[in-house]
Amino acid sequence: MPATNTNYMNKQSILLSATELTCIREDRLLFDQLNIKINAGDIVQIEGPNGSGKTSLLRILAGLSQPYEGEVFFNKIAITNCREEFHQNLLYLGHLAGVKNEMSAQENLNFNLALHGINDNIIDIETILAQVNLTGFEDSLASHLSAGQHRKISLARLYKSKAKVWILDEPFTAIDKQGVHALEQLFKAHIAQGGCVILTTHQDLLTFAPQQVKKITLDYALDYGLDYE
Amino acid sequence: MNKPMLTTHLSYRTVFSLVLKRDLTIAMRHKDDIINPLLFFVIVVTLFPLGIGPEAQILSRIAPGIIWVAALLATLLSLDRLFKSDHSDGSLEQMLLSPHPVFILVLAKIVAHWLITGLPLILIAPLLAVLLHLNEQSYGALMLTLLLGTPVLSLLGAIGVALTVGIKKGGVLLSLLVLPLYIPVLIFATSAIDTAALGLPYNGQLAIIAALFFGSLTLAPFAVGAALKVSTN
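Protein chains in written order, with the working numbering: chain A, 1 to 229; chain B, 1001 to 1233.
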């Protein structure tokens, strides 16, 4: 429908927002009164030194951790009130790959997709694994694969994901150059379709123009009550 | 909602069998998870005749208690694997973030745990009962109490594991949390077996164990879900 298309294109539809987020870990204030608005079509990079609370922020946005204060909204509804709908539209990949050592690459991907309601036949799974350069490793147990390959198995979900909100914690860790390039292309396609990507990375996103990437800088000394819109 | 939202809805049964199948697959490839608690159970039970002596009378008197205490300890030993590895490799997070109710995922994992650890105990128990000269009339009661009681052990234990999964050395804490919760099952199960040995009806004790079973079956998954959310926070 053209109507919905323009809705995404004019970037006015807020997918994910947060008001007055405050996070305290081990008696340390990581961020305070943080306001965030993320529209459809945004790619947001969260920056900051180690220990500045990047992962905590991502976990709060994904609903895995509860903020000390503040609330997160999906489509303007608090995520605690629309858990199922939010989770259907959320793809979160944390530090840990979520890959079981006892299962093969194919079984891992198959389970991860099926758990999120995407059932595919085996041929399709193979083509996705080929896209992340895991051809020939389909039936290898994950315990025989490297850390980078584990990450690729979990990232392979992105190719089939219909979720609008992608929250990725250091997605480029242990990924080769070619893989990073492929991921950035995937992000482009995703935001062009009206999704949004929120990620932390210490690298620059090379194929994106600098003004295209929204940045949230976490450094308590710097940002006190800043609004990111 | 006027926006076109994605609706990929799996039935509870599909989700349940998906997780169950996954956990059983993992267990089958990690056979020591199945074998170790079972061997522990067998060894603990066989230690008693060695320590106490082979008199049939004494052994048959204490057999119900030995078998049940050994079953509690074997279950406790195996509880750790219920969420620990999923927590450490991140797949627990992914499950909590899936659009399905947490209780159905948790229930599937508990059922898998019981199939892996509880069921083998039940199957080998008659053999050990012979070893301990258990009264012939008590075999039915032993099997029935184990059949109704071991799922309770898995269900209640899961709450303890879910609470301690985020703690690095939660092993001892887990046993302190969980073992007291096992006391009612132990009391009524051994009492049922003793009553059966006297040739009396043991329906009452069995009914209470059944009540414990259904109570924990319906309530424990919710408690586990809430505990997991706290542990992953």
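One should not assume that every hint holds.
Only part of the chain A face toward chain B is listed, based on derived beta-carbon distances under 8 angstroms [what the hints assert, rightly or not]:
(1) SER17
(2) HIS87
(3) GLN88
(4) GLY94
(5) ALA97
(6) GLY98
(7) PHE111
(8) HIS116
Listed next, the stretches of chain B that the computed footprint assigns to chain A, with coverage defined by at least 3 CB atoms under 8 angstroms from CB atoms of chain A [what the hints assert, rightly or not]:
(9) 1189–1200
(10) 1213–1220
Taking lysine-lysine and the BS3-like style, the derived pairs with C-alpha atoms no more than 25 angstroms apart in a straight line are [as the list claims (entries may be wrong)]:
(11) LYS1021/B / LYS160/A
(12) LYS160/A / LYS177/A
(13) LYS214/A / LYS76/A
(14) LYS1021/B / LYS1168/B
(15) LYS76/A / LYS1229/B
(16) LYS1084/B / LYS1229/B
Note that these hints are calculated values from the structure, not bench results. Every residue, glycine too, gets a C-beta built ideally from N, C-alpha and C.
To test your reading of the hints: which numbers does this structure violate? 1, 9, 10, 14
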